[in-house]
Amino acid sequence: MKPGKMQRKPFFKILIANRGEIALRIMRTARRLGFGVVAVYSDADRDSLHVREADAAVRIGAALPAQPYLDIAAIIAAARAGGADAVHPGYGFLAENEEFALACREAGLVFIGPSPEAIKAMGHKAGAKEIMRKAGVPCVPGYQGADQSDAVMLAEAERIGFPMMIKAVAGGGGRGMRLVAEAGAFADALRSARSEAKAAFGDGSVILERAIVEPRHIEIQVFGDAYGNAVHLGERDCSVQRRHQKLIEEAPSPAVSPQLRERMGAVAVSAVKALAYEGAGTLEFLLDRTGNFYFMEMNTRLQVEHPVTEAITGLDLVELQLRVARGEPLPLRQQDITFSGHAIEVRLCSEDASQDFMPQSGTMAQWQVPDGVRAEHALQPGSVIPPYYDSMIAKLISHGASREEARGQLICGLEQMVAFGVTTNQAFLISCLRHPVFASGEATTAFIGQHRAELLAPKTASSDTALAALLLSVTGPCARRWRGGRSLAATFPVPMRIEIDHVVHDLDLLRQRDGTYVASFDGAQVLEIDELGSETIRFRSNGVMETARFLRQGDRLYFLRHGMTHSVCDLTLWPPESATSSGGDGKVRAALNGRVVAVLVREGERVAAGQPVLTLEAMKMEHVHTAGIAGTVAAIDVAEGEQVTTGRIVVEIEAA
Amino acid sequence: MAVIGNTISPSSAAFKANRDGMLALIERMRTLEERTRTASAAAKDRFHKRGQLLPRERVALVLDSGSPFIELSTLAGYMFDVPDAAKSVPGGGVIAGIGFVSGIRCMVSANDAGIDAGALQPFGLDKTLRVQELALENKLPYVQLVESAGANLLRYRVEDFVRGGNIFRNLARLSAAGLPVVTVTHGSSTAGGAYQTGLSDYIVMVRGRTRAFLAGPPLLKAATGEIATEEELGGAEMHTTISGLGDYLAEDDRDALRIAREIMASLNWDRPAPPNISFKPPRYDAEELLGIMPMDHKRPVDMRQAIARFVDDSDFTEFSANYGPATVCGHARIEGHAIGIITNNGPLDVPGANKATHFIQACCQTRTPLLYLNNTTGYIVGRAYEEAGMIKHGSKMIQAVTSATVPQITIYCGASFGAGNYGMCGRGFHPRFCFSWPNAKTAVMGGEQAAETMAIVTEAAAARRGKPIEKEKLDAMKAQIIGVFDGQMDVFSTSARVLDDGVIDPRDTRGILAEVLAICREGDTRQPQRMQFSVARP
Numbered sequence: 000m001k002p003g004k005m006q007r008k009p010f011f012k013i014l015i016a017n018r019g020e021i022a023l024r025i026m027r028t029a030r031r032l033g034f035g036v037v038a039v040y041s042d043a044d045r046d047s048l049h050v051r052e053a054d055a056a057v058r059i060g061a062a063l064p065a066q067p068y069l070d071i072a073a074i075i076a077a078a079r080a081g082g083a084d085a086v087h088p089g090y091g092f093l094a095e096n097e098e099f100a101l102a103c104r105e106a107g108l109v110f111i112g113p114s115p116e117a118i119k120a121m122g123h124k125a126g127a128k129e130i131m132r133k134a135g136v137p138c139v140p141g142y143q144g145a146d147q148s149d150a151v152m153l154a155e156a157e158r159i160g161f162p163m164m165i166k167a168v169a170g171g172g173g174r175g176m177r178l179v180a181e182a183g184a185f186a187d188a189l190r191s192a193r194s195e196a197k198a199a200f201g202d203g204s205v206i207l208e209r210a211i212v213e214p215r216h217i218e219i220q221v222f223g224d225a226y227g228n229a230v231h232l233g234e235r236d237c238s239v240q241r242r243h244q245k246l247i248e249e250a251p252s253p254a255v256s257p258q259l260r261e262r263m264g265a266v267a268v269s270a271v272k273a274l275a276y277e278g279a280g281t282l283e284f285l286l287d288r289t290g291n292f293y294f295m296e297m298n299t300r301l302q303v304e305h306p307v308t309e310a311i312t313g314l315d316l317v318e319l320q321l322r323v324a325r326g327e328p329l330p331l332r333q334q335d336i337t338f339s340g341h342a343i344e345v346r347l348c349s350e351d352a353s354q355d356f357m358p359q360s361g362t363m364a365q366w367q368v369p370d371g372v373r374a375e376h377a378l379q380p381g382s383v384i385p386p387y388y389d390s391m392i393a394k395l396i397s398h399g400a401s402r403e404e405a406r407g408q409l410i411c412g413l414e415q416m417v418a419f420g421v422t423t424n425q426a427f428l429i430s431c432l433r434h435p436v437f438a439s440g441e442a443t444t445a446f447i448g449q450h451r452a453e454l455l456a457p458k459t460a461s462s463d464t465a466l467a468a469l470l471l472s473v474t475g476p477c478a479r480r481w482r483g484g485r486s487l488a489a490t491f492p493v494p495m496r497i498e499i500d501h502v503v504h505d506l507d508l509l510r511q512r513d514g515t516y517v518a519s520f521d522g523a524q525v526l527e528i529d530e531l532g533s534e535t536i537r538f539r540s541n542g543v544m545e546t547a548r549f550l551r552q553g554d555r556l557y558f559l560r561h562g563m564t565h566s567v568c569d570l571t572l573w574p575p576e577s578a579t580s581s582g583g584d585g586k587v588r589a590a591l592n593g594r595v596v597a598v599l600v601r602e603g604e605r606v607a608a609g610q611p612v613l614t615l616e617a618m619k620m621e622h623v624h625t626a627g628i629a630g631t632v633a634a635i636d637v638a639e640g641e642q643v644t645t646g647r648i649v650v651e652i653e654a655a
Numbered sequence: 000m001a002v003i004g005n006t007i008s009p010s011s012a013a014f015k016a017n018r019d020g021m022l023a024l025i026e027r028m029r030t031l032e033e034r035t036r037t038a039s040a041a042a043k044d045r046f047h048k049r050g051q052l053l054p055r056e057r058v059a060l061v062l063d064s065g066s067p068f069i070e071l072s073t074l075a076g077y078m079f080d081v082p083d084a085a086k087s088v089p090g091g092g093v094i095a096g097i098g099f100v101s102g103i104r105c106m107v108s109a110n111d112a113g114i115d116a117g118a119l120q121p122f123g124l125d126k127t128l129r130v131q132e133l134a135l136e137n138k139l140p141y142v143q144l145v146e147s148a149g150a151n152l153l154r155y156r157v158e159d160f161v162r163g164g165n166i167f168r169n170l171a172r173l174s175a176a177g178l179p180v181v182t183v184t185h186g187s188s189t190a191g192g193a194y195q196t197g198l199s200d201y202i203v204m205v206r207g208r209t210r211a212f213l214a215g216p217p218l219l220k221a222a223t224g225e226i227a228t229e230e231e232l233g234g235a236e237m238h239t240t241i242s243g244l245g246d247y248l249a250e251d252d253r254d255a256l257r258i259a260r261e262i263m264a265s266l267n268w269d270r271p272a273p274p275n276i277s278f279k280p281p282r283y284d285a286e287e288l289l290g291i292m293p294m295d296h297k298r299p300v301d302m303r304q305a306i307a308r309f310v311d312d313s314d315f316t317e318f319s320a321n322y323g324p325a326t327v328c329g330h331a332r333i334e335g336h337a338i339g340i341i342t343n344n345g346p347l348d349v350p351g352a353n354k355a356t357h358f359i360q361a362c363c364q365t366r367t368p369l370l371y372l373n374n375t376t377g378y379i380v381g382r383a384y385e386e387a388g389m390i391k392h393g394s395k396m397i398q399a400v401t402s403a404t405v406p407q408i409t410i411y412c413g414a415s416f417g418a419g420n421y422g423m424c425g426r427g428f429h430p431r432f433c434f435s436w437p438n439a440k441t442a443v444m445g446g447e448q449a450a451e452t453m454a455i456v457t458e459a460a461a462a463r464r465g466k467p468i469e470k471e472k473l474d475a476m477k478a479q480i481i482g483v484f485d486g487q488m489d490v491f492s493t494s495a496r497v498l499d500d501g502v503i504d505p506r507d508t509r510g511i512l513a514e515v516l517a518i519c520r521e522g523d524t525r526q527p528q529r530m531q532f533s534v535a536r537p
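So the protein lines, in turn, are chains A and B.
Per numbering that gives the first Met the number 0, residue 0 is the first one in the first sequence, and the count goes up by one each step.
Per numbering that gives the first Met the number 0, residue 0 is the first one in the second sequence, and the count goes up by one each step.
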């Protein structure tokens, strides 16, 4: 037992240095345990739910630049202003920043998390691996030695085994990187990697590392307290990822046997003990097909996906964090921890899966989370999703007696989820959950990449298009109150032009005398309305009665059918595309709200049509803007770092 | 509460026969309407290739989607273009009706440019004049979708040319009456037709398509030797920038219709809130209206059974039911609108005519609109009735109809013969709206009656001359008279001559009456800014 731990400073009011769902989630437990809560907010979040729900909220800065949620001084000042005596960092932002933990300590605030030293130790990737190796945690076999001679490299390569990665020490962007399948190809690959590294970085040094092919991402949740106790809470399988970000997480992993769990858990607990680690942490591993696992990194914070662990253990991880921070010993020993059932979490993100997962921002005009699953979110109808932060807007967590039950529940939940106004990955998540590879528990980190086409296959049916046209017709701003029965509408069809899920269709919609509707598109579809409310329509299509949720906003329409939210725009009376909208007038307009990260041309420079001129960053994604016409750059209307709104003219090109 | 009890049995043979007959007539009407749409749509590829919309597509897009559209006189000119029932294309070259544009009830009229380049067809002039009269009388803004080759020179008739001036006069009257005229000139609007555009208060022109000039290139060259292109003479860009004839320049038809809708939306115009009254639907199925009217107008009908199928809650408070029962009068409501109904369960007789006169005046006293359901073979004849003063009582009824101060709506439900047509507010008495059921017959008398009368007169004349007429000749004459009468009494013939505002499916009676009553009520309460002159273009 280390000195001083018993005299932990008591705390009563917690500042939550975060936003969104995690701020609310922490608040919930904090309040249940009798703590007061103080929120912080940037200008972009002034009206958000975490601000409304807190006892008090303190502004920490403008939306951008210099992210206020990363501004240590501002947050420490906010804690003082709000009367907080402890800080919970949540995840992301400053959660793994040892300077922040240190600043809290120096300011006399209890940091709810591990010590700055532990954060620092685990924050350095190579160092962390070294510590883990010493604690007996298996790491990916590799060679990082200074001796770069061919003979040594070859010997090390044979020791490590194939397939293998050769990586430039000074590497980045894939240069100087080679995947070597077998020993015979090693010499050539080494030579070319070295010369590429030398050319690119001026340093031909490389490291060797075993390539783990199509691994699973398995992580072990651990907890340590001030008294040297440590436990693990089993694993989470976070193999389903896109752009190296987790999308679906589950516990337990279908690939982890009780024996493997015990082995991985024991390794993780010994690491925690070796580190004298306090609070919640996660050891991330790669698991290969043969059951070998390799340490990647340790996250010294609460994870996004902690709810699946909570579901199967019945524990509240935030509660454990608070108790440990308060100086209490862990309330349970390893043998007290049992697992029940199966839990799956999906991350609902404001992104357009069909547009390479491009993040989306805007106003979530309608929002309703389903019953029957746990939903963590900070939205309400009309909430604004700003472009400055992560695109994850909600988590849905199901817990069933079996994996199949949990999977079914989650699919059902997602199908009921109402998210109108900003495109989300709702349908993509359902596709993933339904995919036979995921269903059989076989998904690896390669899952989305390998099945991308199937997962993204357009799912807009002709009947969806017909329903879209019908809804546009009956909910328009000039539509009269819908009435059933015989109709006096014109006996000739309306030639509609609608965009649904990025595709434009021309179709004819006719309301027949008997009151039924015929949409002529891809053959004739007969639709009949039974009931039309302000947000729901009950209708019959091919003899089947259904109810769909919808939202009409001017020319736009959203509706939810069969788990897919369709985004529709009425183009019927839109003028033909003009020079202004296509960029043919030489003016490059911001395609979305974002920050200018790079201006790629100079004034007076000649550009070709389609040439990149500027890069915007929104929600951690870069979007390249190109010249609409060939010509000379007449003006650059923005500066790097500037925040721009959609439609703003950023670069002007004078036709050649 | 005076709910009409049901006496109709849908399983009876008579009902089924009536229904079959009515459905066949509806089918005939719809087939003719479809023929016109098909003929017009034959130009679809040509229109779409030019980036144009077909005229019905234009109408559909200018209207509020799905809103009621009371299309008028779809059978106008039937059999007058070609005297062949299998080939005639009715409609008069005009698509017209009352509908909603940006929430405002308007008269919408479009040249059926898919047929004969939009030239007026037989009875197209009569239809247009009637449509304009309806707009004036009901105080409706007038939306025109113009693309017309003008008059068909091959059918030139001087009387149509002279009467045609009324179209332009009416446009000027509409404007002066405070009723905006909004025009989209989708294509040709030339020579006299240029004034169809010119006499409008708001004019939208379509880039590359509008042609508005008094003389096109060939005529110009012939007349003065000047050479100019159509675009120079009457294109949208010229008119919106140089002549000032056009007010809005649209990129294409869709854009033009969007602008027309925006013009309507921007008008300072009352948008009637739906009347805040609750009402109940009829207690009996409107489908049964198909089986009430016999195809033979000599068969008696209890018209109260028809009333029961389109008035609120089938509730009908009959007025003076036991006095002159062959004439039925009473109060009811249609979607909450109070109306007085007059109809015929037999010939108009002395007490019936007196009762009707009384009832008309009583309805005027409380500003209750009147609905005339024509089902009459006329005023009763005979010595006793002449002695009882049938003429003066009938005259009194006709005076009341003529002078009534409330909106009067006429539906030809069956026969409308002789002076009965006048007494029951036939077209000659300017009812605000006049519709026909598909079985309607209108004539001075029945064909057989006429033939028999003529036979008796002819026989008597021959007898006086002492030369008895041969039976064959007499039969031939009778057959000819029957032919002449029957050929004109049929609704497909009367509606072709625009002697009504259109033929309606009996099942739509309630819906159409509700709209029409709303139109009357709104029109009568609206107070447009009357002007001394029309709005003049600079």
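Calculated directly from the structure, the hints in this document are not laboratory data.
Hints are not guaranteed to be accurate.
Stated by the list, open to error - Here are the simulated distance ranges between beta carbons:
| no. | chain 1 | residue 1 | chain 2 | residue 2 | range |
| --- | --- | --- | --- | --- | --- |
| 1 | A | Ala438 | B | Glu33 | 34 to 44 Å |
| 2 | B | Arg536 | A | Ala633 | 39 to 49 Å |
| 3 | B | Ala361 | A | Val543 | 29 to 39 Å |
| 4 | B | Thr365 | A | Val543 | 21 to 31 Å |
| 5 | A | Thr645 | B | Asn165 | 26 to 36 Å |
| 6 | A | Ala633 | B | Ser242 | 28 to 38 Å |
As the list claims (entries may be wrong) - Derived EDC-like pairs: lysine to aspartate or glutamate, alpha-carbon spacing no greater than 16 Å straight-line:
| no. | chain 1 | residue 1 | chain 2 | residue 2 |
| --- | --- | --- | --- | --- |
| 7 | B | Lys48 | A | Asp505 |
| 8 | B | Lys43 | A | Glu621 |
| 9 | B | Lys43 | A | Asp507 |
| 10 | B | Lys470 | B | Asp485 |
The beta-carbon is built from N, C-alpha and C at its ideal position, and this holds for glycine as well.
Hint by hint, here is what the structure shows:
At about 52 Å, the beta-carbon gap between A/Ala438 and B/Glu33 misses the expected band of 34 to 44 Å. Separated by about 41 Å at the C-beta atoms, B/Arg536 and A/Ala633 satisfy the suggested range of 39 to 49 Å. Separation of B/Ala361 from A/Val543 is about 54 Å and departs from the stated range, judged on CB atoms against 29 to 39 Å. At about 51 Å, the beta-carbon gap between B/Thr365 and A/Val543 misses the expected band of 21 to 31 Å.
Separated by about 54 Å at the C-beta atoms, A/Thr645 and B/Asn165 break the suggested range of 26 to 36 Å. Restraint check, A/Ala633 to B/Ser242: a C-beta distance of roughly 36 Å satisfies the suggested window 28 to 38 Å. Straight-line distance between C-alpha atoms of B/Lys48 and A/Asp505 comes to about 15 Å, which keeps the hinted pair within the 16 Å bound. Under the criterion of a C-alpha separation no larger than 16 Å, the hint pairing B/Lys43 with A/Glu621 is inconsistent with the structure, at around 46 Å.
Between the alpha carbons of B/Lys43 and A/Asp507 the distance comes to roughly 14 Å, so the proposed pair stays at or under 16 Å and holds. Restraint check: the Cα-Cα separation between B/Lys470 and B/Asp485 comes to about 22 Å, which exceeds 16 Å; the hinted pair is violated.
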